[in-house]
Amino acid sequence: MRALRHWWRRLSASRLWALLRKEVEQILRDRQLIKLLIIPPTLQLLIYGFALNPEVHNLRLGVVDYAQVAASRELVSALTANRIFLAASYPSSERELARQVERGELTAGLVIPPNFNRRLAAGDSAEVQVFIDGVDANSAGIASGYIQQILRRFRPQTGAPPPTSPLRTQVSFLYNPGLTSSWFFVPGVIGLVLTLIATLVSAVTLVREKDTGTLEQLLMTPAAAWEILLAKILPLVVLLMGDVLLALLLGRLVFAVPIRGNLLLLLALSGLYLFVGIGVGIMLATVCRSQQQVMLTAFFITLPMVQTSGAIAPIESMPTFFQLLSLLNPLRHYIAILRGLMLKGVGLEALWPHALALLVMAPLLMAISVSRFRGQLS
Amino acid sequence: MRRVRILAQCRKELLQFRRDRLTLGLAFLLPLLTLLIFGFAIRLETKVIPIVVQDFDRSPLSAAYTDRLFATDQFRPAPWRGGGDPVAGAIDPGLARAAVIIPSEFSRRLKAGQPVEVQVLVDGTDANNARVIRNSIQGITAFFGADKELIREPPPVRALTRLWFNPGRKESLYIVPGVYAVVLWIFPSLLAAIAMVKEKDKGTILQVYASGISAAELLLGKALAFLLVGASVAVVVMGLGGQIFQLSVVADPTPLLVGTTLYLAAAVLFGLLLGVRSANQNAAVQGVSLVGFLSALLLSGFIYPLSNIPPPLSLVSALIPARYFIVISRDAFVRGTGWAGVWLDVLMILVLGALLYGATLRSLGSLQLGDGGEGGP
Chain R
658 MRALRHWWRR LSASRLWALL RKEVEQILRD RQLIKLLIIP PTLQLLIYGF
708 ALNPEVHNLR LGVVDYAQVA ASRELVSALT ANRIFLAASY PSSERELARQ
758 VERGELTAGL VIPPNFNRRL AAGDSAEVQV FIDGVDANSA GIASGYIQQI
808 LRRFRPQTGA PPPTSPLRTQ VSFLYNPGLT SSWFFVPGVI GLVLTLIATL
858 VSAVTLVREK DTGTLEQLLM TPAAAWEILL AKILPLVVLL MGDVLLALLL
908 GRLVFAVPIR GNLLLLLALS GLYLFVGIGV GIMLATVCRS QQQVMLTAFF
958 ITLPMVQTSG AIAPIESMPT FFQLLSLLNP LRHYIAILRG LMLKGVGLEA
1008 LWPHALALLV MAPLLMAISV SRFRGQLS
Chain F
-2 MRRVRILAQC RKELLQFRRD RLTLGLAFLL PLLTLLIFGF AIRLETKVIP
48 IVVQDFDRSP LSAAYTDRLF ATDQFRPAPW RGGGDPVAGA IDPGLARAAV
98 IIPSEFSRRL KAGQPVEVQV LVDGTDANNA RVIRNSIQGI TAFFGADKEL
148 IREPPPVRAL TRLWFNPGRK ESLYIVPGVY AVVLWIFPSL LAAIAMVKEK
198 DKGTILQVYA SGISAAELLL GKALAFLLVG ASVAVVVMGL GGQIFQLSVV
248 ADPTPLLVGT TLYLAAAVLF GLLLGVRSAN QNAAVQGVSL VGFLSALLLS
298 GFIYPLSNIP PPLSLVSALI PARYFIVISR DAFVRGTGWA GVWLDVLMIL
348 VLGALLYGAT LRSLGSLQLG DGGEGGP
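Protein chains in written order, with this note's numbering: chain R, 658 to 1035; chain F, -2 to 374.
Derived from the structure by calculation, the hints contain no laboratory data.
We treat Cβ as the ideally placed atom computed from N, Cα and C, and that holds for glycine.
Treat the hints with caution; some may be incorrect.
Unchecked claim - Among the chain F residues that face chain R by a calculated CB cut under 8 Å, a handful are:
id: 1; residue: Arg0
id: 2; residue: Ala38
id: 3; residue: Leu41
id: 4; residue: Val84
id: 5; residue: Asp123
id: 6; residue: Ser133
id: 7; residue: Pro153
id: 8; residue: Arg159
id: 9; residue: Glu168
id: 10; residue: Arg327
As the list claims (entries may be wrong) - Some residues of chain F that are not near chain R, with every Cβ distance over 10 Å (derived):
id: 11; residue: Asp64
id: 12; residue: Ser211
id: 13; residue: Val234
id: 14; residue: Ser245
Whenever a hint applies, use it, and build me the whole structure from the sequences.
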């Protein structure tokens, strides 16, 4: 107990402590910084979470039914039953249908030939034509897959159940049985938001001091450069951890994303990742002279980081070159950790490669940028 | 309003812009970089998905089934060898996206006509791709069943599917015209915002006011300057984009020309508006990057279809010019219907641009009447 008190007295008398107190007070008085820490992350998380939805449903289908029989109407209702397609219009001719697809009023078209019923009755297989607007290649591919699947099961005159193949698949979805798409995006967006905010905040605070010349004043005090920097970085880490908690809380409350893994491990690795963001920020501060340049160059760095991280588009679907490049991207590893800990509920036994990558990258980046910054100061 | 003054203001702005080397460089480099990264790295459709097949049967029939799974470029074997639980071994660490487990007696039971269940475990983390994986495994299984004549009765209705506009399903045809919209919104507005706010920061705007130029003349001069900058960015980006991603105008080019001009004007006015309204450069740049970037990227239908945006946000999305420009751009480069298909979108950009002009003019006017403090250094 006495040792602790002694230690405390020494700490509170130390220069580092004085510097830390100065920084904290400065931050608390900076309304704009506090706003920057709360408003953009919240907005980004909400908008990304709600707006990114890759589901393919309610595709507008135009039907040209030359047959006009019960079987053809059954086919239409089979296609529209699970809301993937929506029978939006019944053009009178193929030409009219083509015109509507061209104008983008319809996404898909179905043409049922006049001999549809005759061929079905004869036991032959009837052929229908399906047109899909291929501009959105991804949705078009998914839609065409659904059509094939529905037609495979379709049997007209529903008395007879579709003949069952003896070979069946029993599909179960792990980690996200309801296939909620926001569960995929929210961890990615948390990583994205933290990268943006950590980089910006650290770069802006340092550049501002450089800009106004207050950093030189600090340097003239007996404090060492490392003490000054440490006193700047530590409060930022604490504040940004607040952002981590805010993001996790929003994910939990608004999007009901579970945290199945170890929360402490999640927080520890998030803390580690913050050093990556701050390291990038300090690096930016060494390159830029004004806050405006910081903002522009931050775009330059964070945009490729975000795009090759798998936050929005899955990494597997990128070209090989970008996949390899993404291995060097700390955000990619952090997002893998977030998804692993939040959705999969795995631990270090599965995530150690990613944790190791962060453990190497964070100190390395910090060391390089801090030494560059100190070099500029002296 | 005098044309001479507008042109003079425009010339002054361009001279100033040319002197700032860093901004000039970034003005052209950043859009190109964005185009390349978005154009190459955003691929929504997953191909060559790593999966694990656990074959407990080890018969010629199960081997044939495994071969059929890997026959297209949809799946590839995951780098995972060894027995045990494929979930803990391959799916948890992310080595495989799915595991297909073929039970023992697969072959014997099938030959005897008894039902067999192949268990498929799919990583649901990425919900979209999980659905794609399920659909294609089911499709391949059905095809295998029909091929081996396990099903006596073929499906009575077959579809002859044709993809319009993009028969090869090249995703770049979808992404790249959208990137044009994102890039041509963000960067012109960013540059305009910075220029506007710089003038306020340095206090030079007071000199401008003292010179007797009216708010409308000032605004039009600045807007014209950045419209020219934006137009040259557009020429560079669309020119290089066309070369790299092999995209060319397939329709009447006039809607694209008119649409792009109006769209750039709206972007510049948006930037100027934020510049006038924000207290300092930081706030302006943050405003553009947050509001502009998010809305152009997420609420415009650039990545996923517009119809998927839920109600309160979808109303906001109707106010976003990028959404209309994406339609124009996709039409010009892919669809090719010309004015008949896009006149409404061009009109909407015009309306939104006019609204932005009015709002900017009002803010600028109120500033000029001595709304003190805000404009001071």
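Now the hints, each set against the structure:
Because the smallest distance between the Cβ of F/Arg0 and any Cβ of chain R comes to about 32 Å, over 8 Å, the interface hint for this residue is violated. Interface restraint check for F/Ala38: the shortest CB-CB distance to chain R comes to about 5 Å, inside 8 Å, so the restraint holds. Look at F/Leu41: its Cβ gets to within about 4 Å of chain R, closer than 8 Å, so that hint holds up. Because the closest C-beta pair between F/Val84 and chain R is about 7 Å apart, less than 8 Å, the hint holds.
Proximity of F/Asp123 to chain R holds as hinted, the smallest CB-CB distance being about 5 Å (cut-off 8 Å). Interface restraint check for F/Ser133: the shortest CB-CB distance to chain R comes to about 7 Å, inside 8 Å, so the restraint holds. Checking F/Pro153 against chain R: minimum C-beta separation of about 6 Å stays under 8 Å; hint holds. With its C-beta approaching chain R no nearer than about 5 Å, F/Arg159 sits inside the 8 Å limit, and its interface hint holds.
Because the closest C-beta pair between F/Glu168 and chain R is about 5 Å apart, less than 8 Å, the hint holds. With its C-beta approaching chain R no nearer than about 6 Å, F/Arg327 sits inside the 8 Å limit, and its interface hint holds. Against the 10 Å criterion, F/Asp64 stays outside the reach of chain R, whose nearest CB is about 15 Å from its own CB. Chain R leaves F/Ser211 outside its interface by the beta-carbon criterion, the shortest separation being 28 Å against a cut-off of 10 Å.
Every C-beta of chain R lies more than 10 Å from that of F/Val234, the closest at about 15 Å, which supports listing it as non-interface. With a least beta-carbon separation of about 15 Å from chain R, F/Ser245 lies farther than 10 Å from that chain, consistent with its non-interface assignment.
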